[in-house]
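Protein sequences appear in the order of chains C and F. Counting along the first sequence from 1, when you hit position 209 you're at 209 in the UniProt record's numbering, and nothing is skipped either side. Counting along the second sequence from 1, when you hit position 54 you're at 54 in the UniProt record's numbering, and nothing is skipped either side.
Take these hints with a grain of salt, some might be off.
The list makes no distinction among identical chains, and a pair is therefore deemed to hold if it is satisfied within one copy or across any two copies.
[As the list claims (entries may be wrong)] In silico lysine-lysine, BS3-like type, Cα no more than 25 Å apart, as pairs: (1) Lys2 with Lys290; (2) Lys282 with Lys249; (3) Lys146 with Lys311; (4) Lys311 with Lys249; (5) Lys311 with Lys290; (6) Lys200 with Lys40; (7) Lys200 with Lys226; (8) Lys224 with Lys282.
Hints are computed from structural coordinates only; laboratory data are not their basis.
2 protein chains.
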Amino acid sequence: MKKIINEAGNVLEEMLQGFTTVNQMLIKRIPETSVIVSRKIPNQVGLVSGGGSGHEPAHAGFVGDGMLQAAVCGQIFTSPTPDQILEGIKAVDSGQGVLLIVKNYAGDIMNFEMAKEIAEMEEIAVEMVVVDDDIAVEDSTYTQGKRGVAGTILVHKILGAAAREGKSLSELVVLAEELIPTIHTIGVALSGATVPEVGKPGFLLEEDELEFGVGIHGEPGYSKQKMLTSNEIVEEMLTRLEAVTPLTKGKQYAVLVNGLGSTPLMEQYVFFNDVATQLGAKEVEIVFSKVGDLMTAIDMAGVSLTLLEIKSADWLDYLNQPVTTVAW
Amino acid sequence: MKKIINEAGNVLEEMLQGFTTVNQMLIKRIPETSVIVSRKIPNQVGLVSGGGSGHEPAHAGFVGDGMLQAAVCGQIFTSPTPDQILEGIKAVDSGQGVLLIVKNYAGDIMNFEMAKEIAEMEEIAVEMVVVDDDIAVEDSTYTQGKRGVAGTILVHKILGAAAREGKSLSELVVLAEELIPTIHTIGVALSGATVPEVGKPGFLLEEDELEFGVGIHGEPGYSKQKMLTSNEIVEEMLTRLEAVTPLTKGKQYAVLVNGLGSTPLMEQYVFFNDVATQLGAKEVEIVFSKVGDLMTAIDMAGVSLTLLEIKSADWLDYLNQPVTTVAW
Chain C
1 MKKIINEAGN
11 VLEEMLQGFT
21 TVNQMLIKRI
31 PETSVIVSRK
41 IPNQVGLVSG
51 GGSGHEPAHA
61 GFVGDGMLQA
71 AVCGQIFTSP
81 TPDQILEGIK
91 AVDSGQGVLL
101 IVKNYAGDIM
111 NFEMAKEIAE
121 MEEIAVEMVV
131 VDDDIAVEDS
141 TYTQGKRGVA
151 GTILVHKILG
161 AAAREGKSLS
171 ELVVLAEELI
181 PTIHTIGVAL
191 SGATVPEVGK
201 PGFLLEEDEL
211 EFGVGIHGEP
221 GYSKQKMLTS
231 NEIVEEMLTR
241 LEAVTPLTKG
251 KQYAVLVNGL
261 GSTPLMEQYV
271 FFNDVATQLG
281 AKEVEIVFSK
291 VGDLMTAIDM
301 AGVSLTLLEI
311 KSADWLDYLN
321 QPVTTVAW
Chain F
1 MKKIINEAGN
11 VLEEMLQGFT
21 TVNQMLIKRI
31 PETSVIVSRK
41 IPNQVGLVSG
51 GGSGHEPAHA
61 GFVGDGMLQA
71 AVCGQIFTSP
81 TPDQILEGIK
91 AVDSGQGVLL
101 IVKNYAGDIM
111 NFEMAKEIAE
121 MEEIAVEMVV
131 VDDDIAVEDS
141 TYTQGKRGVA
151 GTILVHKILG
161 AAAREGKSLS
171 ELVVLAEELI
181 PTIHTIGVAL
191 SGATVPEVGK
201 PGFLLEEDEL
211 EFGVGIHGEP
221 GYSKQKMLTS
231 NEIVEEMLTR
241 LEAVTPLTKG
251 KQYAVLVNGL
261 GSTPLMEQYV
271 FFNDVATQLG
281 AKEVEIVFSK
291 VGDLMTAIDM
301 AGVSLTLLEI
311 KSADWLDYLN
321 QPVTTVAW
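Hey, can you work out the whole structure from these sequences and the hints?
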């Protein structure tokens, strides 16, 4: 392992300190916690997300006006504890309740659920929605059902805009329940991710291999293959996506190409270009698109592709509204 | 080489197509060129930068209101040709002249200079400033004197804000000549960069080695060493920086930590935290800071550290002003 760090066990703390110092105009850290909150907590439903660290800029990079009000940062690839999540809930509640946006991992669900129950005992209205956009596999190392991955950022964005517009907690839950089933993601890895305290990659791929369907913690995918061109990779991924979401003429989609940590923008844009070309050939309309490292897997090489079928003009409007965050 | 691409020789074209499609709300490509221009060309001095590609998001990611009006994208690690640069100049001239911001590489200087001369023959007022912020070595593979690296982005930002404020071409040249000598950068590499058409890294480092002073095209640095902690790396880099810029009590600095392509944000924030701690111990004040991949070297692992001594309150104000770009 070759990383620019000090003690492996101290990475989260030092990273949070660095993040907080650099971005102090936008965010602050609740003292003695690993919770990043927006500098200004608006008078609206509070949106809280989080999970294990190692996915930077997620989730702290999406705290700010128009997206999240708090991100709770667990140890690397480890769910944050209920007391930390509770701190986040309390910090952002302006009396209109709090919505927890959770990726589908057993540890996260258990801990966010526990924090929700404690907050409710303290008279805070809390709801929780679970994102499970990864279509690659059912049931995985840390998950019952499908995993929650990069599509979660689109949920932050759309719900964040809707909350800012004044939607109530129950209206946001309804919106999330319409939205989440339309978001589908699939990933491809060219290398494993190295957790600093482990010191070696979670899995190995040969110099001429890739693996489809790998999760953002290095959970196994569905197929290890010889290296392919970008165009062929996109073909495989769109074929899988097409099995769960209609890629037919006239359909409108938001497209997110997400770098997994060590794949440069150069490759991400080449990959996006193939996505646009292949969707164009199907006469599917891309009405919103974004490319970049949003939900990484530490230093994994690879990308994920997320399609969100736009079923309401509001959703597109919410995606396009400006925000004030570090990383959107 | 394991990259998500198609034909190696086609990477620039496909990347530009992808970039242009994704960011069409902000930028457009001049047809049949590799020039990215702002959607709206304001009535001000036009700022043009560019150079070889492979440094994404630089420079096209910094085109937009408050920064550049055009970025001219050469082939990977290769200067753009004078005709392409001329297209950029013509596209952004609103009658108030054009300023070229060029990194100090022999090929770039020759080609931007040539484009300047042709534009002047066509009655466009053009000035050129050269950024040479890399203090690591004198005279390098492609450079007489010092190389131009990540500090160039701070020049884009400050001059961009000043131009938007209405400064004239000659005023911007004066500002650039005060500003550039106060910007100092040094890099450290943990791996080489692989140009797609070459197919293997420009240099190799062992699994326990790093190299100080490497350039953004993989030009040799000044010292290959056994791997160090983040804190030790920062110590070495600040020692070198201190030899050219005063790190004494009360001095005010802008700090840029720039990822070189495959080093995740996790490490960049840990590294920044050590910079902040060590500058804090010297009672140097960090009045502006930024962390992220701004000027990469394709897929090189490593970071660069830029210090800009704030000698005028205006500079800080210019750094803080909001912009509308893809990547600032």
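Open item on the list: When Cα atoms must be at most 25 Å apart, do Lys224 and Lys282 count as within-copy, between-copy, both, or neither?
Closed with: Neither: 27 Å inside a chain and 52 Å across chains, both beyond 25 Å.
Task: Intra- versus inter-copy proximity for Lys249 and Lys311 (alpha-carbon distance at most 25 Å) - done: within (15 Å within a copy, 58 Å between copies)
TODO: Could you place Lys146 and Lys311 in one of the four classes (within, between, both, neither) given a Cα distance threshold of 25 Å?
DONE: within (22 Å within a copy, 54 Å between copies)
Task: Homomeric proximity label, Lys200 with Lys226: Cα distance no greater than 25 Å - done: both (23 Å within a copy, 18 Å between copies)
Open item on the list: Checking an output row: Lys311 and Lys290, CA cutoff 25 Å. Within, between, both or neither?
Closed with: within (18 Å within a copy, 37 Å between copies)
- [ ] At 25 Å max between alpha carbons, let me know whether Lys282 reaches Lys249 within a copy, between copies, both or neither.
- [x] Within one copy, since 6 Å is at most 25 Å while 63 Å is not.
Open item on the list: At most 25 Å between CA atoms: does that hold for Lys2 and Lys290 within a copy, between copies, both, or neither?
Closed with: between (30 Å within a copy, 24 Å between copies)
Open item on the list: Treating 25 Å as the Cα threshold, decide for Lys200 and Lys40: within, between, both or neither.
Closed with: Cα proximity of Lys200 and Lys40: none, with 40 Å in one copy and 48 Å across.
Checked against the numbered hints given earlier, the structure breaks hints 6, 8 and satisfies all the rest.
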